[in-house]
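J.: Sequence:
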Amino acid sequence: MTVSVQIASAIILLVSVVSSKPALNVVRRDAEPDTSGHMNLRAQLIEEEMKLRLGGNLVLNEQEQMVNRLLLKEKRAIIERSRLNKTTYYPALSFYKSKKFVESTNIYQIIKKMPKGAALHLHDLAITSLNWVVKNVTYRDHVYMYYDDKGFVHLGAFDTPPADNPWELVKTLRAKAPDAVMFDKNLLNNISMLSSDPLEMYPTINLVWARFDKYFEQVISLLFNADIMRDYYRQALVEFKEDNVQYIELRAILSGFTVLSGTTHDAEFGLNIYKQVTEEFVRENPDFLGAKIIMSGLRFFESSAIKESVKVAKTLRQKYPHFFAGYDLVGQEDPNNPLTFYSATLRQASKELPYYFHAAETNWQETDVDYNLVDALLLNTRRIGHGYGISKHPKLMEIIRERKIAVEVSPISNQLLGLVSDLRNHPMASLMASGYPVVISSDDPGTWEAAPLSHDFFMAFMNLAGKETGLAFLKQLALNSFEYSAMNRSEKSRAKLLWTSKWNSFILETGLEQDLDMKMCVDDNRYKYQGLTCSQATTESSANVCYVKEVATACCRSCTMRWTGMLACEFGDRDKTMCGQDNACEQSANICCDKCADTRKTTSRSTNSQARTYDVSALVLAVISLIVQCCL
10 MTVSVQIASA IILLVSVVSS KPALNVVRRD AEPDTSGHMN LRAQLIEEEM
60 KLRLGGNLVL NEQEQMVNRL LLKEKRAIIE RSRLNKTTYY PALSFYKSKK
110 FVESTNIYQI IKKMPKGAAL HLHDLAITSL NWVVKNVTYR DHVYMYYDDK
160 GFVHLGAFDT PPADNPWELV KTLRAKAPDA VMFDKNLLNN ISMLSSDPLE
210 MYPTINLVWA RFDKYFEQVI SLLFNADIMR DYYRQALVEF KEDNVQYIEL
260 RAILSGFTVL SGTTHDAEFG LNIYKQVTEE FVRENPDFLG AKIIMSGLRF
310 FESSAIKESV KVAKTLRQKY PHFFAGYDLV GQEDPNNPLT FYSATLRQAS
360 KELPYYFHAA ETNWQETDVD YNLVDALLLN TRRIGHGYGI SKHPKLMEII
410 RERKIAVEVS PISNQLLGLV SDLRNHPMAS LMASGYPVVI SSDDPGTWEA
460 APLSHDFFMA FMNLAGKETG LAFLKQLALN SFEYSAMNRS EKSRAKLLWT
510 SKWNSFILET GLEQDLDMKM CVDDNRYKYQ GLTCSQATTE SSANVCYVKE
560 VATACCRSCT MRWTGMLACE FGDRDKTMCG QDNACEQSAN ICCDKCADTR
610 KTTSRSTNSQ ARTYDVSALV LAVISLIVQC CL
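In terms of my numbering, the sequence shown has 322 at position 313, counting the first letter as 1, and numbering is strictly consecutive.
Be aware that one or more of the hints could be misleading.
Each pair of labels, with its calculated beta carbon distance range [to be verified]:
#, residue 1, residue 2, range
1, A189, A219, 29 to 35 Å
2, S313, K194, 53 to 59 Å
3, K413, E375, 53 to 59 Å
4, N145, A219, 24 to 30 Å
5, S352, A186, 31 to 37 Å
6, L178, P403, 17 to 23 Å
7, Y329, A172, 34 to 40 Å
8, E375, E522, 31 to 37 Å
9, S352, V68, 43 to 49 Å
10, E289, R498, 21 to 27 Å
11, A219, D43, 14 to 20 Å
Just so you know, these hints were derived from the structure itself, not from any lab. Beta carbons: idealized from backbone N, C-alpha and C, even for Gly.
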């Protein structure tokens, strides 16, 4: 072989080796060196900004930092998986579509266990689960129903039903139905706003508000029965306590409660329903702090009716100062009367009657409804309900910060009632980023089958706060809920003491549970999850989804368990897999198993890549040596 042929062969071999894919895969280039100090300045600026955020000044102890790391690990994984793989970001979807995913996350399970403090923005006829209403209230005697001309069911409680509509006993209709279970399911779906996706079914604000108002028409004759309301409200307290809420403030229309005979009662009678039930519940549950009532007038009433309503509210405030918190006007703001319509009456009572006004629950800027914010502040409102438009009013934002007037934010309500479809675009995110006084509440959770408060906390955490915002944000929200409540100073002190005890227990228990949860499942007889061996745990619906392969190796359940329930799995660029009911989850579990296997192979792949790199390097040196020898 001639020298030229030897050289040509060597060059061809060298090019083929250098251009092969394995060689390219192991070539990495370092980032440009930072000679200007840019990265240090960048980190400093980010740190300064993080301190401005809600919770930015809280210092977490060692145990809290452990829980914080746990939350952020999953939060970062969910966000980055969607961002980098261009896949669906489920927390930002309509609650109708995201609910099952939300409940499958470890973040949600932690938030559900977390003591969340107070829920300060709630409405009387939409706070208890509809499932309880169907399974309990509609099984009672004297409960009637009929369908209107649009197919919506209306419920009522009467000794003798009025003749205005074709009322029939629910018990009778259920007995005639071929399937009582299906009858109840259809009844619930007819009332619930979550039987379909509200964002698709009602694409405009006015359409969705028409459906929302219809809900209240469907249940008002039922829930304004005094005996039923006592039980309904007590069940609400049970559900809020189970969701780890310690206190509520409820907006309520107090007058108009009836008994079966048809007698209608005044506002003081209504207030005492709530007062008596609250006192009984607190006696039975001393770790629950109680409730206060904010009387609601309707903003479509004539001024004379609101004048009378305010007069009654002043009297109740004087007579029940520790339970009657204040006054508000409720109803859709856009088409109804602004605060200026009632300004004379409201201004006259403002020194005696605390206000908690809804204001700017709207997308219309510089309109009467938008300027409800101005009037609410001039009338010395203690908090602002929704305040969706306030980010467009820099001067008003200064005022609420100076006066410590909290904005009551209800993310799911704002989404389902048409103000914002993607919750990452919620204007309250900017207020939270700047540490403005904000509290999270749930508005009307029963209407759309949400948890009393946990779902809204999750949405705030995953959508209104950034990727690196963790436990301190959630802790500050809980603390804010007491700080901006209608409690007096001594009540707040007691509330914070009780909450702190619950918080410390929650942190300790969560840390211990997760430390156990993240151990490798080496021996089924030695490993236990929540007191169960891996085999026993196969029927537990509380199993977590292993979101990324880094987590999969530490999750023994990913390879041993066939989940029940509806858990959404999505790994990298794989298509979303929805688990079926009962034993139909095997596909999802297998995906997790694949990820476990992928992870176990990572180390060997890495080792093989290094060996391959060394082989390539040696081969290149050999070729170069051959070329040199040929040329000599």
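J.: Now, for every hint given, state plainly whether the structure supports it.
T.: Results of checking the hints against the structure:
no. : hint                       : result
1   : A189 with A219: 29 to 35 Å : holds (31 Å)
2   : S313 with K194: 53 to 59 Å : violated (45 Å)
3   : K413 with E375: 53 to 59 Å : violated (26 Å)
4   : N145 with A219: 24 to 30 Å : holds (28 Å)
5   : S352 with A186: 31 to 37 Å : violated (53 Å)
6   : L178 with P403: 17 to 23 Å : violated (58 Å)
7   : Y329 with A172: 34 to 40 Å : holds (38 Å)
8   : E375 with E522: 31 to 37 Å : violated (51 Å)
9   : S352 with V68: 43 to 49 Å  : holds (45 Å)
10  : E289 with R498: 21 to 27 Å : holds (26 Å)
11  : A219 with D43: 14 to 20 Å  : violated (58 Å)
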